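Number of protein chains: 2
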Amino acid sequence: MAAEQDPEGRAAARPLLTDLYQVTMALGYWRAGRASAPAEFELFFRQSPFGGAFALAAGLRDCVRFLRAFRLLDADVQFLASVLPPDTDPAFFEHLRALDCSGVTVRALPEGSLAFPGVPLLQVSGPLLVVQLLETPLLCLVSYASLIATNAARLRLIAGPEKRLLEMGLRRAQGPDGGLTASTYSYLGGFDGSSNVLAGQLRGVPVVGTLAHSFVTSFSGKEVPPDPMLAPAAGQGPRVDLTPRVEAWLERVCAQEIRALFRTTGAQFQAPWLESVPIAVSNNIDEEELARLSQQGSEVNVIGIGTSVVTCPRQPSLGCVYKLVSVGGQPRMKLTEDPEKQTLPGSKAAFRLLGSDGSPLLDLLQLAEEPAPQAGQELRVWPRGAQEACTVRPARVEPLLRLWVQQGQLCEPLPSLAESRAFAQRSLSQLSPAHRRLEPPAGYQVALSEKLRALVQRLSAGAPL
Amino acid sequence: MAAEQDPEGRAAARPLLTDLYQVTMALGYWRAGRASAPAEFELFFRQSPFGGAFALAAGLRDCVRFLRAFRLLDADVQFLASVLPPDTDPAFFEHLRALDCSGVTVRALPEGSLAFPGVPLLQVSGPLLVVQLLETPLLCLVSYASLIATNAARLRLIAGPEKRLLEMGLRRAQGPDGGLTASTYSYLGGFDGSSNVLAGQLRGVPVVGTLAHSFVTSFSGKEVPPDPMLAPAAGQGPRVDLTPRVEAWLERVCAQEIRALFRTTGAQFQAPWLESVPIAVSNNIDEEELARLSQQGSEVNVIGIGTSVVTCPRQPSLGCVYKLVSVGGQPRMKLTEDPEKQTLPGSKAAFRLLGSDGSPLLDLLQLAEEPAPQAGQELRVWPRGAQEACTVRPARVEPLLRLWVQQGQLCEPLPSLAESRAFAQRSLSQLSPAHRRLEPPAGYQVALSEKLRALVQRLSAGAPL
Numbered sequence: 001m002a003a004e005q006d007p008e009g010r011a012a013a014r015p016l017l018t019d020l021y022q023v024t025m026a027l028g029y030w031r032a033g034r035a036s037a038p039a040e041f042e043l044f045f046r047q048s049p050f051g052g053a054f055a056l057a058a059g060l061r062d063c064v065r066f067l068r069a070f071r072l073l074d075a076d077v078q079f080l081a082s083v084l085p086p087d088t089d090p091a092f093f094e095h096l097r098a099l100d101c102s103g104v105t106v107r108a109l110p111e112g113s114l115a116f117p118g119v120p121l122l123q124v125s126g127p128l129l130v131v132q133l134l135e136t137p138l139l140c141l142v143s144y145a146s147l148i149a150t151n152a153a154r155l156r157l158i159a160g161p162e163k164r165l166l167e168m169g170l171r172r173a174q175g176p177d178g179g180l181t182a183s184t185y186s187y188l189g190g191f192d193g194s195s196n197v198l199a200g201q202l203r204g205v206p207v208v209g210t211l212a213h214s215f216v217t218s219f220s221g222k223e224v225p226p227d228p229m230l231a232p233a234a235g236q237g238p239r240v241d242l243t244p245r246v247e248a249w250l251e252r253v254c255a256q257e258i259r260a261l262f263r264t265t266g267a268q269f270q271a272p273w274l275e276s277v278p279i280a281v282s283n284n285i286d287e288e289e290l291a292r293l294s295q296q297g298s299e300v301n302v303i304g305i306g307t308s309v310v311t312c313p314r315q316p317s318l319g320c321v322y323k324l325v326s327v328g329g330q331p332r333m334k335l336t337e338d339p340e341k342q343t344l345p346g347s348k349a350a351f352r353l354l355g356s357d358g359s360p361l362l363d364l365l366q367l368a369e370e371p372a373p374q375a376g377q378e379l380r381v382w383p384r385g386a387q388e389a390c391t392v393r394p395a396r397v398e399p400l401l402r403l404w405v406q407q408g409q410l411c412e413p414l415p416s417l418a419e420s421r422a423f424a425q426r427s428l429s430q431l432s433p434a435h436r437r438l439e440p441p442a443g444y445q446v447a448l449s450e451k452l453r454a455l456v457q458r459l460s461a462g463a464p465l
Numbered sequence: 001m002a003a004e005q006d007p008e009g010r011a012a013a014r015p016l017l018t019d020l021y022q023v024t025m026a027l028g029y030w031r032a033g034r035a036s037a038p039a040e041f042e043l044f045f046r047q048s049p050f051g052g053a054f055a056l057a058a059g060l061r062d063c064v065r066f067l068r069a070f071r072l073l074d075a076d077v078q079f080l081a082s083v084l085p086p087d088t089d090p091a092f093f094e095h096l097r098a099l100d101c102s103g104v105t106v107r108a109l110p111e112g113s114l115a116f117p118g119v120p121l122l123q124v125s126g127p128l129l130v131v132q133l134l135e136t137p138l139l140c141l142v143s144y145a146s147l148i149a150t151n152a153a154r155l156r157l158i159a160g161p162e163k164r165l166l167e168m169g170l171r172r173a174q175g176p177d178g179g180l181t182a183s184t185y186s187y188l189g190g191f192d193g194s195s196n197v198l199a200g201q202l203r204g205v206p207v208v209g210t211l212a213h214s215f216v217t218s219f220s221g222k223e224v225p226p227d228p229m230l231a232p233a234a235g236q237g238p239r240v241d242l243t244p245r246v247e248a249w250l251e252r253v254c255a256q257e258i259r260a261l262f263r264t265t266g267a268q269f270q271a272p273w274l275e276s277v278p279i280a281v282s283n284n285i286d287e288e289e290l291a292r293l294s295q296q297g298s299e300v301n302v303i304g305i306g307t308s309v310v311t312c313p314r315q316p317s318l319g320c321v322y323k324l325v326s327v328g329g330q331p332r333m334k335l336t337e338d339p340e341k342q343t344l345p346g347s348k349a350a351f352r353l354l355g356s357d358g359s360p361l362l363d364l365l366q367l368a369e370e371p372a373p374q375a376g377q378e379l380r381v382w383p384r385g386a387q388e389a390c391t392v393r394p395a396r397v398e399p400l401l402r403l404w405v406q407q408g409q410l411c412e413p414l415p416s417l418a419e420s421r422a423f424a425q426r427s428l429s430q431l432s433p434a435h436r437r438l439e440p441p442a443g444y445q446v447a448l449s450e451k452l453r454a455l456v457q458r459l460s461a462g463a464p465l
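If you read the protein sequences in the order shown, they are chains A and B. Once you know that position 296 of the first sequence is 296 in my numbering, the rest is easy, because the numbers rise by one and skip nothing. Once you know that position 55 of the second sequence is 55 in my numbering, the rest is easy, because the numbers rise by one and skip nothing.
Simulated from the structure, these hints should not be mistaken for laboratory data. Computed from a predicted model, the values in this text were never measured in an experiment. Among these hints, one or two may not hold up.
Heads up, the list lumps identical chains together, so a pair's fine if it works in one copy or across two of them.
Below are the SDA-like pairs computed for lysine to any residue, each with C-alpha atoms no more than 20 angstroms apart in a straight line [stated by the list, open to error]:
hint, residue 1, residue 2
1, K451, R437
2, K341, V281
3, K334, N284
4, K341, H95
5, K163, D74
6, K334, L455
7, K163, R396
8, K341, S282
9, K341, N284
Work the whole structure out from these sequences, hints included.
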């Protein structure tokens, strides 16, 4: 898979946007003759963000762009040579020079999917050395995108479907690309647009805006507006002089409830459109303030949100991890005294089991070789963290992970951003009210099949494979 | 000033990384015939971050790179035409096509300077239309860089000068560029290095790393390490077999205090270097945990910090603003009911007044045309927020703002990142203990000259200029 022109202007990230230890480990694998051993990693989070029950998966599109463009340039390899031990075998650098992602396969939740703790957002398989090197950039591309999409989805749930929500946080973003990512994925999560022009140009996000205080203060009152005489909207009738009209109305408007004034004025002048002139607000709006603005009877139509959507102050990082689950066809797991940090071994499949009302009951993880669960059949599963198995009879079963990239080749076109946005809203609407509720939500169960649980038990006990 | 090759790989930001309203306002200025009116903006913050008394100024280097490369491409202008009203005069787009920063002048605090509320980090002057368009990208480039540098400086103050502090938060960063910015400016703020390879390649940050759990779990115990026989460090004596040696020591090491074991072992085997083998720790380290690890007697040498340095969870945004202070040679200010949001009008100079012990007493803002304050002479100044003037006799006076870019030309080479890092540490060491203390710090005073205060009073009263 050769590097290709990036239709969105530049690759989502560069290969050296990675932690040095990935390169150290790559050298270790290479020296041990294991660079090409087939390996599989899973990318997931351990806890849903913001105290909610769910997250939205996002960032896949950027990951695919990154993988397709992945090549180390000569200058990159030279830089790595300058930071690795001076006696490193030059053949290792030749190996790096020839690397690409033509051996890499990616299964993933579609963008905008509901995601739950421990269920892989991405499964990445391929030669051990390459898929190890991908860890940091993939985490970097998925974690923040999913965090922002989830944050935006929560704000949308609070605001309800009618309010227009605009992301205006570019100046508060953590770095220029943080701003671009935030604008893109807050749209995916349910916002209506962004002030960020680059997000419009590169990602097709609708762009919006008003004006800054500096525009007002730049006029001292002596400058004449360019077109003080306004023509009537209908094209007929006399032109009116804007300036005295503004001056006359300013004092009255500032003293009254705005919407009521619009209604009165609209009725008085037979201008019914005036009743529905949108009222927009912004200024440090967070979840609590948004809830107030969205209460029944609120006349606010448009809400601009900056810092609290872009920087996610309640939880500024999703904390995704990327864990090895198999190498050379053998399952691997991380054993630790902290049960939350223990990983689930083996190449897996994931299914969402739905109830008769169409809402998800639980997500099931099982070994890849097991047959898919069948709708209408009773299953015995092991909810994570529980000591007992339980039974469930799903009315419907949805496979969660789709094959997007096989041996470096894109298998099907990625949905557009707008399609993923619509999918996210559909997914959220299917969630039961108890799981959708922001606080305190009912916990959503993720369960293991009997076979996967048996494998965990066997490996935890240190038994040979 | 033509676009030029960017030595660091790409411009720090693109011109369309801006809020749409900047372009709307640009159109407004252009239609009013005011595009070229000389204007000046100041970029500053209103409150020091994290509850401390100070911030570190950072991001100037990226701003200069951005200004020097600033040109709207044809595709950019076409995109803007697609989002502005369809009847926009095509001559406006011709104006945009010809824009560059050849008329822009920038005064700024050197990178790594101590910065205080209301004192400009940047003063940007030039044609109104252009300097308005620069608002969002400059805020985006300065705010997060300064926030990260300040956060890193606080962590350095807590850790003391001896510990090696490493930034390892790339995977937790808010977008790929967020990661690059964080690695660069945490180094400027006092960290010793970063795991981020790209920050090493593009910015010269020292790169460091260990290994991940996946490396450990990728070996099942059956694979033979590549070089199981180790030669002695001194080059003489028998080679030892690594594997049984590791197995024998593992159980004993995990059960004891590590440094004591190093000492005992070093003494027993006449290997004194073993006593000083660095001990490194990481895992969710924040200010409180760092304080514990840095207590006297701690044997930890190296501390890796990720999420809490990179995402600044205590305050994920500095909240810088960019305000118009003069246009057409006339001072402008924003009047508001919120006194904290009121701006200081006019083109200004800023000075740091130092006491006889060399520590800063207060920062003084005055009108650009006033003579600089003199060391040893008593001054009457108005501390912000105070109702009374006070007098101060500085032992030394330092001008704060330096001319970096004049009419688009770089006036002097920017210091290297390492030089700015050293400057930041020197600046911090000169701060009095009361101001350097993290919580609760003594507030640092910023004061106005009599003339500047009189101008504020006059404009607040609505008097003609």
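Can you name, in rising order, the numbers of the hints this structure does not satisfy?
Structure breaks hints 1, 4, 5 and 7.
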